[in-house]
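Could you slot chain B onto chain A? The hints should help.
One line per chain: the protein sequences are A and B, in this order. Note that our numbering has the first sequence beginning at 160, numbered continuously upward. Note that our numbering has the second sequence beginning at 160, numbered continuously upward.
Derived from the structure by calculation, the hints contain no laboratory data. It is possible that part of the hints are untrue.
You can't tell identical chains apart in this list, so a pair holds if it fits in one copy or across any two.
[As the list claims (entries may be wrong)] Derived pair list, reagent style BS3-like, types lysine-lysine, alpha-carbon separation capped at 30 Å:
1) K265 to K334
2) K427 to K165
3) K165 to K329
4) K265 to K402
5) K427 to K402
6) K427 to K334
7) K427 to K329
Protein chains: 2
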Amino acid sequence: MEQGFKRVAVVGCGLMGASWASLFLAHGIDVQAHDPASNSEDRLRHFVGHALAQLRELGQTGQGQLRFTPDLSQALENVDFVQENAPEKEELKRQLLAQMDGLLPKPVIVASSTSALERSKIVADCTHPSRFIIAHPFNPPHLVPLVEIVGENEEVVSRARAFYEALGQKPVVLKREMPGHIANRLSSALYREAVYLVAEGVASVADIDAAVCNGPGLRWAIMGPHMTYHLGGGQGGIEHYLKHLGPSQERRWASLGNPTLGPDVQRKIVEGVVEEAEGRSITDLEQERDRLLIGILRLRNQIRDDAG
Amino acid sequence: MEQGFKRVAVVGCGLMGASWASLFLAHGIDVQAHDPASNSEDRLRHFVGHALAQLRELGQTGQGQLRFTPDLSQALENVDFVQENAPEKEELKRQLLAQMDGLLPKPVIVASSTSALERSKIVADCTHPSRFIIAHPFNPPHLVPLVEIVGENEEVVSRARAFYEALGQKPVVLKREMPGHIANRLSSALYREAVYLVAEGVASVADIDAAVCNGPGLRWAIMGPHMTYHLGGGQGGIEHYLKHLGPSQERRWASLGNPTLGPDVQRKIVEGVVEEAEGRSITDLEQERDRLLIGILRLRNQIRDDAG
Numbered sequence: 160m161e162q163g164f165k166r167v168a169v170v171g172c173g174l175m176g177a178s179w180a181s182l183f184l185a186h187g188i189d190v191q192a193h194d195p196a197s198n199s200e201d202r203l204r205h206f207v208g209h210a211l212a213q214l215r216e217l218g219q220t221g222q223g224q225l226r227f228t229p230d231l232s233q234a235l236e237n238v239d240f241v242q243e244n245a246p247e248k249e250e251l252k253r254q255l256l257a258q259m260d261g262l263l264p265k266p267v268i269v270a271s272s273t274s275a276l277e278r279s280k281i282v283a284d285c286t287h288p289s290r291f292i293i294a295h296p297f298n299p300p301h302l303v304p305l306v307e308i309v310g311e312n313e314e315v316v317s318r319a320r321a322f323y324e325a326l327g328q329k330p331v332v333l334k335r336e337m338p339g340h341i342a343n344r345l346s347s348a349l350y351r352e353a354v355y356l357v358a359e360g361v362a363s364v365a366d367i368d369a370a371v372c373n374g375p376g377l378r379w380a381i382m383g384p385h386m387t388y389h390l391g392g393g394q395g396g397i398e399h400y401l402k403h404l405g406p407s408q409e410r411r412w413a414s415l416g417n418p419t420l421g422p423d424v425q426r427k428i429v430e431g432v433v434e435e436a437e438g439r440s441i442t443d444l445e446q447e448r449d450r451l452l453i454g455i456l457r458l459r460n461q462i463r464d465d466a467g
Numbered sequence: 160m161e162q163g164f165k166r167v168a169v170v171g172c173g174l175m176g177a178s179w180a181s182l183f184l185a186h187g188i189d190v191q192a193h194d195p196a197s198n199s200e201d202r203l204r205h206f207v208g209h210a211l212a213q214l215r216e217l218g219q220t221g222q223g224q225l226r227f228t229p230d231l232s233q234a235l236e237n238v239d240f241v242q243e244n245a246p247e248k249e250e251l252k253r254q255l256l257a258q259m260d261g262l263l264p265k266p267v268i269v270a271s272s273t274s275a276l277e278r279s280k281i282v283a284d285c286t287h288p289s290r291f292i293i294a295h296p297f298n299p300p301h302l303v304p305l306v307e308i309v310g311e312n313e314e315v316v317s318r319a320r321a322f323y324e325a326l327g328q329k330p331v332v333l334k335r336e337m338p339g340h341i342a343n344r345l346s347s348a349l350y351r352e353a354v355y356l357v358a359e360g361v362a363s364v365a366d367i368d369a370a371v372c373n374g375p376g377l378r379w380a381i382m383g384p385h386m387t388y389h390l391g392g393g394q395g396g397i398e399h400y401l402k403h404l405g406p407s408q409e410r411r412w413a414s415l416g417n418p419t420l421g422p423d424v425q426r427k428i429v430e431g432v433v434e435e436a437e438g439r440s441i442t443d444l445e446q447e448r449d450r451l452l453i454g455i456l457r458l459r460n461q462i463r464d465d466a467g
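Extracted from the complex, chain A is given alone in its bound form:
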């Protein structure tokens, strides 16, 4: 490890925490895991066993030691870094972060996986707020490379960024905090229009989903929206695109829907998803997703390696 983080605490061992723990272990980092819920250890070890097998397929074959403890202060002993994944409740997180602030030596960085809360609010009771960052992963973090970082101290942010990069993740750094960070805002924007098209009866839930994963979604696994429009502008690129098609983008924006998730729309969506799932369980669908995720990640690594 470039950063020399040899022992990391994972606080909160739901899906996010368990997935983070797996990623750290597969890079040879020892993990001290903590969760107050009963049964946490069993669920964690079961998840980690499965995830480590997936990570081996990606060439991540490290063998960190996993220890579990129901005692928070024990979990934090002698760690170099903390990844916090407690429930998304502001009051609870604010107290937990302040508690950890009191227990940890000052140089230890604490990264919160929060997706919905704002950093300034959850660090409000900390004595050393600058060592706290948000490092928001995407589900499941051991297979999805994005980490969205929000912090106030450049050195802390840059050490955290280097740590995640050394794990093969793709961190991006926000210049200022924003509710929902980047990717969940973009997802919500897309979803609002998807719900509108269902509500208006333009197409079935299955066809709207198919339109994404056989169309723009296929390209978004390769490049983001700005670069996509850069290629949509022909040899003139994004400059040509914005000059010639900017006005039609703005007209399209004005025509987008503004639905609400009332009972009728919810029923349409639920029925549509059930139809689309064609009897596959959540577990079946997760396995399919993970198999394709691993395949796409291997492909991207291979093409990157070929390109030198």
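Relative to the frame of chain A, chain B by itself:
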């Protein structure tokens, strides 16, 4: 070919038309191509040569005959199906469709690739409007499977759908026409927020793009937004998700931005894309994209085959 379409006219041979022609040829269909612009034939044959090599990598090794003619009526002689890809000008398309309507026997289906125009407007001058559909592809259609179909006659729509499916495409059928169809509306919705985050200085263009293709975009190549939230709801699926997180989606929607593409924002985007491209030309970027697209498509075919 299930549909017995042995000879197809491609009217308009820009990028879209050339890509469609390649797809038809690689399935053993003869193509009669037409474009009034000088140099069209050379550009078309050059594109087709390159695209056919890509399609061979996907196992599409048919060898249709390509004929080019600057004469529209010659191009339409004895064809079973027409794919129209003229410039996106309503007046021009309306006249062209009416002209083709007069030249073609009644059973021949004409599919317009239009992305921005509405079907009801462009068929306004046709005597047999019901044989006209929109079949909107995604760039480049020979590698991106989505085809969005809008029509008024069920039998016409269902024959066209079967035709595209036999080519390995993934058609979806709109229940009613909608400006921008499905996928471009969803893309625009996502892009509006991406532009907002640039305008507000939340992150760089490169980081916003990276957040997509290393996060939600990676999942959108596998499943659409509804199915993604189905898996975001844990074992309770989409019903649980909507019940518990629906209100936070609605709050997020209310917080999304409403930017305009003024000169300052355009400049920020152009500079950001140039930085992100790191010196790679449009052609370099297209080659990278196509290489990954082919890889992802092969992977999906392979996993589908394995699943039986």
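Cross-check of the supplied hints:
1. For the homomeric pair K265 and K334, the shortest alpha-carbon distance inside one copy (24 Å) is at most 30 Å, but the shortest distance between copies (60 Å) is not.
2. In this homomeric assembly, K427 and K165 never come within 30 Å of each other (Cα to Cα): the closest approach is 49 Å inside a single copy and 40 Å across copies.
3. In this assembly of identical chains, K165 and K329 lie within 30 Å of each other by CA distance solely inside one copy; the values are 20 Å within and 48 Å between copies.
4. In this assembly of identical chains, K265 and K402 lie within 30 Å of each other by CA distance neither inside one copy nor across copies; the values are 51 Å within and 41 Å between.
5. Only between protomers do K427 and K402 lie at most 30 Å apart by alpha-carbon distance; the minimum there is 14 Å, versus 39 Å within a single protomer.
6. Taking the shortest alpha-carbon separations for K427 and K334, only the inter-copy value of 15 Å comes in at or below 30 Å, while the best intra-copy value is 39 Å.
7. Taking the shortest Cα distances, K427 and K329 sit within 30 Å of each other only across copies (23 Å), while inside one copy they are farther apart (36 Å).
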